[in-house]
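J.: Given next are the chains, with one letter for each unit.
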Amino acid sequence: MLYLILIPMLPFAAFLILGLLGSWIKDRAHLVAVPAVLTSGLLSLLVLTEVSSGRNVEIPLYTWLTSGDLRIELGLYFDRLTVAMLLLVTIVSSLVHIYTIGYMHGEPGYARFFAYIALFTFSMLMLVLANNFLQLFVFWEAVGLCSYLLIGHWYERPVACAAATKAFLVNRVGDFGFLLGLLLVWYSFGTLEYRPVFVQAHERAGEVMNLLAPFGGTWDVSIFTMIGLLLFAGAVGKSAQVPLHVWLPDAMEGPTPISALIHAATMVTAGVFMVARLSPLYELSPAALTVAALVGAATMVLGATIALTQTDIKRVVAYSTVSQLGYMIMACGLGAYTAGMYHLLTHGAFKALLFLGCGSVILALHHEQDIRRMGGLKDKLPITYWTFLIGSLALAGFPFTAGFFSKDDLLVAAWSSGPLGQVLTLLGLLTAMLTAFYSFRLIFVTFWGASRVDPHHASHVHEPGRTVTMPLIVLAVLSIAAGYLGIPEFLAPVFAGAEGAAHHGGPAAYAIMAVATAAGLAGIAAAYYVYVANPGLPDRFAARWQALYRGSLNKWYVDEAYERAFVAPTLRAAAHLWQRVDVTVIDGLVNGVARAIGFVGWVMRLFQSGQTQHYALGMTLGTVVIVALYLLL
Amino acid sequence: MTDIPWLTILIFLPVGGAVAVALVKESSVRWTALLCTGLVFLASLPVWFGFDHASGAMQFTETAAWIPSPPIHYRLGVDGISLPLVLMTVFLMPLCVLGSWRAVDTRVRGFMASLLIVEAATIGVFTALDFVLFYVFWEAVLIPMYLLIGVWGGPNRLYAAIKFFLYTLAGSVLLLIAILVLYVQGGQTFDILALSRTPLSPTLQAWLFLAFFAAFAVKVPMWPFHTWLPDAHVEAPTAGSVVLASVLLKMGAYGFLRLSLPLLPDASYRFANVMIALSLIAIVYGAYMALAQADLKKLIAYSSVSHMGFVTLGIFTFTTQGIEGAVLQMVNHGITTGALFLCVGAIYERTHSRMIADNTGLAGPMPRYATVLVIFALSSLGLPGTNSFVGEFLVLVGTFLWSKIATAVAALGVILAAAYLLWMVQRVAFGPAKNGGHLSDLSLREMLVMSPLVVAVFWIGFVPNTLLAPMHESVARLLAARSGVDGPNAPSPQLATSVRRPTPAASPAGALPSMSARESRP
Amino acid sequence: MTIPWSDLVAVLPELLVIGAACLLLVLDPITTVPRKDGLAWIALATLAICCGITAAHLDGRTTVFGGLVIIDGYGAFWKLLLYVVTGMTILLSLAYLKEERIVLGEYYGFLLLALVGMMVMVSAADLLTIYLGTELMSLSLYILAGTKRYEARSLEAAAKYFVLGAFSSGILLYGISLLFGATGSTKLEGIAAALGTGGVEDPMLVLAMLLMLAGFGFKMAAVPFHMWTPDVYEGSPTAVTAFMAVASKAASFAAFLRVFVEGLGGLKANWAGLLIVICLATLTIGNLVALVQTNIKRMLAYSSIAHAGYALVGVVAIGSAADATQSGQSVASVMLYLAMYAFMTLGAFAIVAMLRRNGLESEELESFSGLAKREPVAAFLMLIFMVSLAGLPPTAGFIGKLYVFMAAVHSGLTWLAVLAVIFAAISAYFYLRVVMAMYMRDPEGRGAGIPALATSPALTIVLTCATAGVIMLGLFPGPLVSLATQAMLTLR
Amino acid sequence: MSSVVFFYLAGVIVVSAVLVVALRNPIYCALSLLVLFFHVAGLYVTLHAEFLAAVQILVYAGAILVLYLFVVMLLSVNIEDRFHHQLPVAALLGVMILAEMILLVVGRHPTGASTAEFAVTSEGNTEAIGEVLYSQYLFPFEIASLVLLVAMVGAIILAKKDLLTGPREGHARDTVSS
Amino acid sequence: MIPLSYYVVLSAIVFVTGLVGVLIRRNIILILLSIELMLNATNINFVAFSHYLHNVAGQVFVFFALTVAAAEVAVGLAIIIALYRAKSSINVDDFSILRW
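Taken in sequence, the protein lines are chains A, B, C, D and E.
In case it helps, the numbering used here puts the first sequence at residues 1 to 633.
In case it helps, the numbering used here puts the second sequence at residues 1 to 522.
In case it helps, the numbering used here puts the third sequence at residues 1 to 492.
In case it helps, the numbering used here puts the fourth sequence at residues 1 to 178.
In case it helps, the numbering used here puts the fifth sequence at residues 1 to 100.
A few of these clues could be false.
Below are the DMTMM-like pairs computed for lysine to aspartate or glutamate, each with C-alpha atoms no more than 25 Å apart in a straight line [what the hints assert, rightly or not]:
(1) A/378 / A/368
(2) C/373 / B/105
(3) D/160 / C/363
(4) E/87 / D/127
(5) E/87 / C/28
(6) A/378 / A/539
Computed footprint of chain D on chain C; a stretch qualifies when at least three of its residues, placed anywhere within it, have a C-beta under 8 Å from a C-beta of chain D [as the list claims (entries may be wrong)]:
(7) 25 to 38
(8) 204 to 211
(9) 404 to 414
Calculated from the structure, these hints are not laboratory results.
Here the structure is a predicted model, which is why all the values come from computation and not from measurement.
We put the CB at the ideal spot given by N, CA and C, even for glycine.
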């Protein structure tokens, strides 16, 4: 079994080699990285065979730290869930690696880039394979770091650096909750290993803690709710859920392969994965689940509405990612973990595809990202076009694509989960329509119609090299095929305990399937009607519903709100605190004391007048005073 | 092995080195200093490897009569708490010498001599087991440090130096009186170990604690006694800042651990809430201050205030994790902050400005430098995989057992740390290069300085047990001593060994949300 | 009438010094200028011999001349200290007088006569002898203060010193007379006996005590009788200043302790109360006013006042000590403190004395600027002395303070110790200003304008002794401590 | 009778003392001091200290005062135009001190000796003093002689003219021009 | 017979007079005279006490005090002369180069 360790370790080795010798390897970096990742991909296939036979494998690595009764053993844990993620990560990562060869060709930071994505792959794998909460957290942060480094890959661009910092900080806010949740877990269970915790959890359902104890009040909350919510805060950050979704779109400043790998397929789904992984805990806290579901739904709708009007090709896809993540979180929140994970996997495929598609478009147009300066590319970039189309269909839930099956599963499971679920399902259907609309808006505006491309690029717009197109094709295949691999059946056993027999079927299921499909088609149709049939329309809509349009275009002003509410006040407070309190009051006191002492000395010095008889007087006076004191006391 | 007086060697080798530096010819001063510090580091290895992890007692102890009456002895020894600090000190010193190889070009002799004296004195502080001896070393640090800041410092150095000197001195003189009172009240001895066995009345303990506090809190420095730190750091030469941040600040925290807790257990426990409150203020406040700084050194100085807040926080949680985390955090802070100061020094040598605004976009011209800087910044903001994470995590674990709210506040500090450090990195390392390509990247010497630190950062990050293992027994002993005392609110013995959620009786009122579920559990 | 020969043997050291002094006074006119140094060496030789003799008296206690003089360990300790100090002063003067081109053979004679006075003070068992000793010392010092008469400052110093000195000795004498009236004796044990047999309530006693306190306070430079100190120290020739600051202070403390412990021991409670006030005042004035001085000699004068304050802490501790052993330890602490103080102060003054600028003595703080650049050794020594004066380890100053404060804490005067130690922290500032000037400022002026140290073998010896004293006593105070403890036992 | 004598002497002593302090002309001051000396001597006689009385006359009146007058003449000291400006404070202080002293001294409960009626006969006489002086007071006597020695030599040194100008007044700071 | 306290009071008065004299006279010579007053007051005390306590020590003390006084005067006057030569003034309050 030990070869399994290689799965994460190969990318790590690649990272080390590239990190240390990068300056020497330079353009040959892919020769190190790609094989490493491919191999671990193949190895994960081996694990698949292991696990699908029902055996879960656990490999202890080493004791990381021990202190008192805190003892952290790093280890790898393979079960169906992890293997599924494993495959997603390794496959997408491998493809992105290959894609990168073409995409980043000739960049100065070529080796560095490969080093980072290798590191990311390693961290993501470790995150997925974690067998305890702390390891999860450690690599949770590690992937955050990689995302930070990769977003800021082009460090000369201030925007990119700002985006990187923002991503990291927003995630930190989420991780703040995660960390506290972690501590609470240890505090309550005395261990951080998954399985002991899960085992205890069942026995100890209904345990409560009094939140107001410090203040003498009483407010008992189930510890599982506390744990669940705190950990979920981490998920909110990582998976760009409302209200911490703001970092993801900015993250698009990074190179496109990154957007595909980290900000679409893998890292951002870590939150969903975490919820699924910890389903035994979440199951014990309906409250936490409900919150998750609502947050998910909100994100889902918000993302979709914003995506409608964005003009930056990558941002459209980014917001669609936000929206799709909303779907998954909502599903998990409604207890439909399988469906959530299923959608996660398919989404991983087609969203990666879409991003890489964007990449090849951008590459072809010499880093032009504004869809208003595109159009008519379908003949110039056939492969990109067709793969992109497939991706969009999957995203729109077009029948018989992977997206169709997963989204359908998801909605059915949601519907069958109870009244809340049914309400949210309706929202889901609405969003499905919006999704279809904006994804085909993208298709039509970018690939159809007349070319609005900057003329002196227009001439030599051509399909990028094979390293770019090959991944597209593979992913396109996957975005169809993923629907037929029986993923839900594969995953179901993992959550057997969690979700009751959330079986699909029955009339409701077919109804929803029908409606969802209809919604998707409607969306596509609408997009066609608006952007192809009579192109004047969008502007008129915009003019008609000014407020809505602006809001959507400006992402509902969330960033501005945060700027006003948190960032600016903090900095101002810091500056004031420093000047007013630290320098003036505290340090002022210190120096004041010193100055006062000096002044006293200066005054006393004046008694030393140099007049002999003053001195004599002083002596006498002193004597008298002392006698007086003596007589008094 | 132990019959060789390694600790004495550790202390007096630098002294000899200082003398040698004063005598050798100008050209070879640097090499002599480097050689000496290197030898000291080598001499520390036997202590490190010869240290018996299984025992929490003092090891490598040496005793010699010094002054007959009152009985003052030359008594040395290390345990799991002092060992890491000694090691850190001797590990950093050669780097300091290397780091100021070029930076210091005037009166190198005196500079190196002062540096070596500081090393000797700090090692003495960390190993002294006699209270007067401790005090002697404690104060002996001041003068050379004063010279380091005042002679080789920046434009405003006189002010900074005298401020540092007087402030810390004013704090520590009270310690002297406390020592004498302890001697008079506590069985006519200066032996720290013996004193820790003599019970004292709570009131007396309280007074003594305050006296100790004056000395240690200024040194740490705890809020609101921190204002000397930014001035001193800004003006001090690079090596001075490194020594100051990495070693001197630790003396204060070490004082709390070695003296306040064992000698005044009840008082320490009674004041724990206050101390924790101050630490929390320091954590958040320091971070806020750091956000407002435009001067790199000031920024790092304030970040030190914040980080040392974690140390004191951990100490006063009276939990295994808290204290071990605190000790580890001391070492981490020593390595990371020292490294950051070295980074600032390196850039100052090139652009002659410490202002963030003057040093932007260095990643272009100086990729190696940027890499190193980012690594240390990340370590400083406690990214998992780096040293600081382990320390802070342990401290948080300990704190969580003491009070959840406190933990939340402390964790807030972690966010802010990320804020000011990443913002700093964003401005300094990234963005368009301001003063173009003419900046030379880190030289081989500078890489020699940085790489050991980088290794240390990740080593502690991935295998913290190398440092934690020696601590366990000593910390256990420390806490056992605490719980051994039948003070007004002595915790249950099991609290001492490992605080698995202390009973409300053991905890200051309201510090802990009690978990009603606890009772139901066996 | 019978001449008690045995008694004369007992005071052999005094007689030797007297003889040497007279010899010097006689030889001076008949020696040519270049050979006047020989006189100094004669004096040194005498001191060496006396050391030998006095060392034999370190234990035991015998009263001679019908109880006017007492030969005991306590006195012996002080005498030894005084020999060392005088010897160093003589060496310093050798260098100093040459530098100042003062040709004055009597100088050494007067030093020795002053020494005799001090020896009498420390070994007197009768107020009469003490008075005479004090006067002998004072008169010699008046004259020595005026030896640099071409400088108006020196004369003024002499005049002030004389007027105030005479004034204070008048007060002292009046106090003695009252004490005589109240107790019917001038012998210390007589007084002690009288006090032992009641009469402690006698208000006249209190007045007498107070007036004597004033008299001794003047010599010890305790506030409010300190005001002459800065002026006289500044004006007198630096070598003499050093002698005053160290020797006369030590002798006065010795006599003071003997009178107030042996004689007025019965009134402990009363004078301890008075002394606390004086002690606090001394600490305050000494330390705070020193902060604002720019003239090194003046600063050192205030510092000497401050140090008198620290020593007084020990004295107060004696007064409020619970039992004999504690008060004994307190006495020892005061003895130690002054011994330590002697070395560091002498060292500091030696450097001040020999610091030359344009061939002139330069006492201003500025003239120390950048000394470390050109005179690294001298600067480093000065650094050591300053550190020691500030009471930082590992120097003698620290050990001295350690003992004094321990005595205070022992006698339950922790609050006093706290105050004292805080003042010590404050005092660090003005000592460090010298360090700052030497190490952190650049010399102003150029050429001969830059201050330099006028070195000479004699000076080297002095500085070596002082440094050795400061460092050795700082690192290994053991021997001296045991010496003081042993000597202290003979005081009762 | 004796009380009459005492009060006469005391009265004159006090008055002359005040005059010494109060008179403007130094000569008069010295002279009134002379008066004081004589009466003090008288007081000694009434206290059976004839020897001291004699010494008082000889030393004080005969030597010291003459010395004073000599110097006053020599320096041709002119009449002091004003007192030191701290006169009021000093006067007030004087009164206070006097009050304090009398309070402390008179307020004491008399010990038996003070009111003893029998007069001292033998102690007063000269050979008694001479006896002790040369036997048990030998040492102080010696010291006293040293004091005088110091005084003589010192006086010479300080007043010798040739030493007045420093050998290096050339660069001596604030040198005295003589 | 006169009570002892009379003598003491007398001496006190003389002493204080002298003391005040020291404080208020500017001419050094007169200051010295005032000091002589103080010494005489002391002597009166001594003699009185020695008389009443039948203790000759007091008288001896006076004897020595006289000697010392003489010596002081000698030195004092020497200083005065030197001063006068230097500054052609013997008013104490003219001498204040040394201060603060």
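J.: Now tell me, hint by hint, if it's right for this structure.
T.: Hints and how they fare:
no., hint, in the structure
1, A/378 / A/368, "16 Å, holds"
2, C/373 / B/105, "14 Å, holds"
3, D/160 / C/363, "28 Å, violated"
4, E/87 / D/127, "48 Å, violated"
5, E/87 / C/28, "30 Å, violated"
6, A/378 / A/539, "24 Å, holds"
7, 25 to 38, "violated (count 1)"
8, 204 to 211, "holds (count 3)"
9, 404 to 414, "violated (count 0)"
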